[in-house]
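Chemist: Each residue of the sequence shown is one higher than the last, beginning at 1 in the UniProt record's numbering.
Hints may contain errors.
Claimed, not checked - Straight line, CA to CA, 20 Å or less: simulated DMTMM-like cross-link-like pairs of lysine to aspartate or glutamate:
1) 24 / 148
2) 24 / 35
3) 44 / 28
4) 17 / 148
5) 93 / 111
6) 5 / 111
7) 93 / 28
8) 5 / 148
9) 62 / 74
10) 17 / 94
11) 44 / 118
12) 93 / 19
Note that these hints are calculated values from the structure, not bench results.
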Amino acid sequence: MLTWKDVISFSVNGNPKPDNRIEKTAQEWREILTDEQFRITRKKGTEMAGTGAFCTSYEAGKYNCVCCNTPLFDSTIKYSSGTGWPSFTQPIKENAVKYEKDSSFGMVRVEIMCNTCDSHLGHIFPDGPEPSGLRYCVNSESLTLQREELKNE
């Protein structure tokens with residue numbers, strides 16, 4: 001289980017190596033993303049609080065990167081943080097998410113990105129629920145939901 005200490009270490013000392021890398025030009029990303037997805041994922045934008053499709057959705061499945069379809073988060077670790085953005089306590093794998101120091105807007109935060117394609121996801125904070133204490137605060141536009149198949153009984 002990742003902790004805030006791990007997150008800070010990754011942001012300072014380097015991130016775990018991803019399973020694979022996907023790199024495209026800005027034009028190639030524009031061809032597969034909506035304008036809003038491009039603004040958020042490739043230009044480090046954010047959606048207005050409470051407006052994202054996944055803010056109040058708790059369907060079972062995997063939340064994947066909208067750019068490269070890499071699995072990032074599982075629905076079992078999604079929770080309501082009351083912040084207006086989808087929140088998770090852990091990535092699906094240690095090397096799924098990349099962490100970088102972000103000093104924009106006069107604040108010091110830790111930006112989270114897809115470790116496969118560098119898509120901006122949002123930010124991480126040390127104010128989440130136990131046992132990790134982490135809150136991955138993610139833009140809905142950065143994600144797609146791969147729904148779990150319901151099993152017939």
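Chemist: Hint by hint, note whether the structure agrees.
Modeler: Against the structure, the hints:
As the CA atoms of residue 24 and residue 148 are separated by approximately 29 Å, the hinted pair breaks the 20 Å bound. At most 20 Å may separate the alpha-carbon atoms for a hinted pair to count; residue 24 and residue 35 meet this at roughly 16 Å. A C-alpha spacing of about 17 Å is found between residue 44 and residue 28, which places the hinted pair at or below 20 Å, so the restraint holds. A hinted pair counts as satisfied when its Cα atoms are at most 20 Å apart, and residue 17 with residue 148 does not qualify at roughly 28 Å.
The suggested pairing of residue 93 with residue 111 holds, with an alpha-carbon distance near 17 Å, which does not exceed 20 Å. For a cut-off of 20 Å, the pair hint linking residue 5 to residue 111 stands: about 15 Å separates their Cα positions. A hinted pair counts as satisfied when its Cα atoms are at most 20 Å apart, and residue 93 with residue 28 does not qualify at roughly 27 Å. For a cut-off of 20 Å, the pair hint linking residue 5 to residue 148 is broken: about 32 Å separates their Cα positions.
Taking the CA atoms of residue 62 and residue 74, the gap is about 5 Å. The hint holds against a cut of 20 Å. This hinted pair checks out: residue 17 and residue 94 have alpha carbons roughly 10 Å apart, not beyond 20 Å. Taking the CA atoms of residue 44 and residue 118, the gap is near 10 Å; set against the 20 Å cutoff, the hint holds. Distance check on the hinted pair: residue 93 and residue 19 sit about 10 Å apart at the alpha-carbon level, within 20 Å; holds.
The structure fails hints 1, 4, 7 and 8 (numbered hints given earlier, in ascending order).
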